[in-house]
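We have chain Z already, so just place chains B and P on it with the hints.
Listed below, chain by chain, are the residues.
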Amino acid sequence: MRGPDVSWYLIVSAILFSIGAAGVLLRRSPLIVLLSLEIMLNSANLALISFARLHGNHDGQIFALAVMAVAASEVVVGLGLIVAIARKHLDLDVDRLRVLRG
Amino acid sequence: MADVLVWAIWILAAAGCLGSGLAVITFTNPFFSALALIANLGSLAVLFLLASAEFLAAAQVLVYAGAVMVMFLFVIAYLGDRREAPLAGGPSWISLAALVAAAALLVEIVVVIGLKAGDALADEASVDASFGSPGEIGRLFLTDHLLAFEITSIVLLIAAVGGVVLGTRSEAEDEEELARARA
Amino acid sequence: MTAGAWLCLLAPLCGALLITALGESISRRTAAWISTLSVFAAFAGALIAFVDMLGRGHEEREAVTTAWTWLAAGEFHAGLSLLVDPLSVTMMLIVSGVGGLIVLYSIGYMDGDPEERRYFAYMSLFVFSMLMLVEAGNFLLLLVGWGLVGLASYLLIGFWHERPSAVAAAKKAFVMNAFGDAAMALAFFVLIWQTGTLDFAAAFEGAGGLSQTFVDLVALGLLAGAVAKSAQIPLHTWLPDAMEGPTPVSALIHAATMVTAGVYLIVRAHPIFELAPSIADLAAGLGAITLLVAGVIALVQTDIKRVIAYSTMSQIGYMFLGAGLGAYGNGMFHLMTHAFFKALLFMAAGLVIHHLANEQDIRRMGGLRQAMPRTYIAFLIGSLALVGIPPLSGFFSKDSILASALASGGYGRLLFAAGLAGALLTGLYTFRLLFIVFLGEPSALVREHDHGSAHGEGPWTMTVPVAVLTVLAVVGGWVQVAGIWHPFGEWLDPIAVGREHLALVEPTVTQDYVTSVLAVGLGAVGIAVAWMIYGSRKWSVPRVPSVQRTLEHKLWFDELYDAVFYNPGERISGLLRRGVEEPLIGGSIEGVTLGAREAAGALGEAQTGYLRTYALAIAAAVAVLVVVFITVQ
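As given, the protein sequences belong to chains Z, B and P, one line each in that order.
102 is the number that our numbering gives the last residue of the first sequence; the numbers go up by one with no jumps.
183 is the number that our numbering gives the last residue of the second sequence; the numbers go up by one with no jumps.
633 is the number that our numbering gives the last residue of the third sequence; the numbers go up by one with no jumps.
Extracted from the complex, chain Z is given alone in its bound form:
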């Protein structure tokens, strides 16, 4: 393979994953949280594809395609929820939505 070898890809994937995690934990707007989730999923995809290249096996790529499909579905549902919340004129603030308080 020309260019960097697999370990570099994996490092990028790891950093991207932690960036996404930080975003989920730090931001208050559900939209941004959803976007950060997308980053995490994409980092996983990158890792899968790197390993597929490493082993010469297509399984990783198939898996990555499935992940992409699932991510799309999840975005649909998530955005649907956000729109519903906005329609009820509630604040789009994760800290304010505290109905689950024990």
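Simulated from the structure, these hints should not be mistaken for laboratory data.
Please read these numbers as outputs of a predicted model, since none were measured by experiment.
Idealized CB from N, CA, C, for every residue including glycine.
It is possible that part of the hints are untrue.
[What the hints assert, rightly or not] Partial selection, computed: residues in chain P whose CB lies under 7 Å from chain B:
no.	residue
1	A619
2	A620
3	A623
4	L625
5	V626
For chains B and P alone, kept in the frame of chain Z given last:
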């Protein structure tokens, strides 16, 4: 020479990836965050290409950047201007704890992969030109991974139905919206 | 023989179970008759066994029949076994015979009581328990019967449970008996430990090889149980209080049968007592002390039943005296005659109480002779038999004991003197009672209840048993005349272990006659004194207030026991409750609940409702888990 080129493209793509990622989580305006994510997806597509996953790179751009992100932008446009300060509100120790947790995760991932697969990462398999081509992917989807294919399609169907259900408005809500718009 | 024994044992049990099972679906009268017939069936069984035994020779008069092995632990076995020998058949006849008459009497006495069924079930239960006690083939079954009679006594003393005094009396009886039971159980433990068995024959054999200390311990434990059950000093205070129960109960349990169980135990376990002469002497001494103390206290009692109760205590003292000295046959003989005339006295008293609508205070009675002539005769005969006037039954039995005492050496002569003094006292208190109740002018109360002779002196169910017992009180002693004719003693001889004759002492003919003259003479003196004071009222009772008060307080025994046992016990339990139970036990339970509640509250803090805290928790958990998985690898 070609090697240097590959390295340069790789570094650019990686930098774009990480930079846009940081941008996503730090911008206040969700619209700009979404645009940053599109840039992220594009950089990732380049990285996919470099890793011999051509079909996936195409799918990434077409599906993710093309469809999913467009939907995102639609919704953000619908919701209007909602800016927020990234770290304001909530218990302050959460922010610190979040950063610590994220850092911990990063360190752990690197350590684990290093421990588990350290040496093996150097031996790459040699692949022919058709590796990652649409033909190959298609053939596999319809033979070895048929089940995954079918289940994925069902998941998409359910998501579509879910989206419709979440989106419908009852008569009462419609009246309420109209009243509010007039007022 | 054994079939009769089984019938005798099981018939009353079936009666009790039947009454309990049928409950309110049968009338009260039916329940009463079920109970009565079951006890008479038991008597039939005892008769069968008796007749069968008479037809055999001396060697064949013993049989052990085992139903099944009840307890088997290692090398120790105890079976559900009955022993049928002359002693047990004698007791069976007395218990079921006199018991049957008394249960029949109860039909009339308890008529109208709303809880009659319960009463008769308890009576059947009692007869069953007493029969189990006397028919037991090993000490374990005897202990079962022992405990059950204590239970039946408790249930029957406290029968009228709305009366607090009755409930208290029942508890008192039970607790004091429990003390004796515990001592007996300890004796049995020693027996098992040392000889490995509780079967009578094997245990007696084994006891022969034990050290003196162990034999003394066993005998002492048995004696303690006997003393408690037979209400001898010092465990006697429960018997007067037990008069709270219905009069037939007093007649059956506290005169004829249960209180004689102690004497039966000593006679049955006589080999052990012969190996522990000091304890046997103690038994005789306690009997002597009791007969004097009880006689003295009886002089000032004003409740008709309590006088008779103290009389019972005194007479059992005689039996203990005889059994302790080794005159087992004479002791049993007195047990039998005493059952007759004491039950007679109680039942006659019951007729009086019934006639006077439950009045028991003799100070309000007087001159009942006109209103109840037949009861008067019954009471008179019973009293004469009690004092030991010939030719009534008590004369033969009591005098035989006294003669044996005279023939037993120096200690025996001391006891003989005590017995003679007791005879004087017996005459005195018995006829005091008779004269106060029956002679003189009819008191106001008596005149009130004078229904004329239209109603008779009671229903036939009450008068017939009294009549039967009157006859028995007269002729019951004619089975043994000292020096001339000894069928009763010979009948009991086979139970002697290792000897030909059961009795340890055989008084000479001279001693017999001297004793009789002295005893009868002193009894007559007592009667005469009673006549002078209470009959013709020529003398007056000497007034010594301190003595009077002591006697009325029953020699301060109750107060002594209160001070020594009850009050300290109450204080200790109060201390324990305040110091141990409430803070430690109650507190620890409270502590557990409080702790649980606080922990739950603390854990509840984790439900903040912030999405981000939950997400942080997930991320942190993942981080920690990864570390754990790496290190475990």
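Consistency of the hints with the structure:
1. A619: holds (4 Å)
2. A620: Result: holds, 5 Å to nearest chain B Cβ.
3. A623: holds (4 Å)
4. L625: violated (10 Å)
5. V626: V626 (chain P) check passes; min Cβ-Cβ to chain B is 5 Å, inside 7 Å.
Checked against the numbered hints above, the structure breaks only hint 4 and satisfies the rest.
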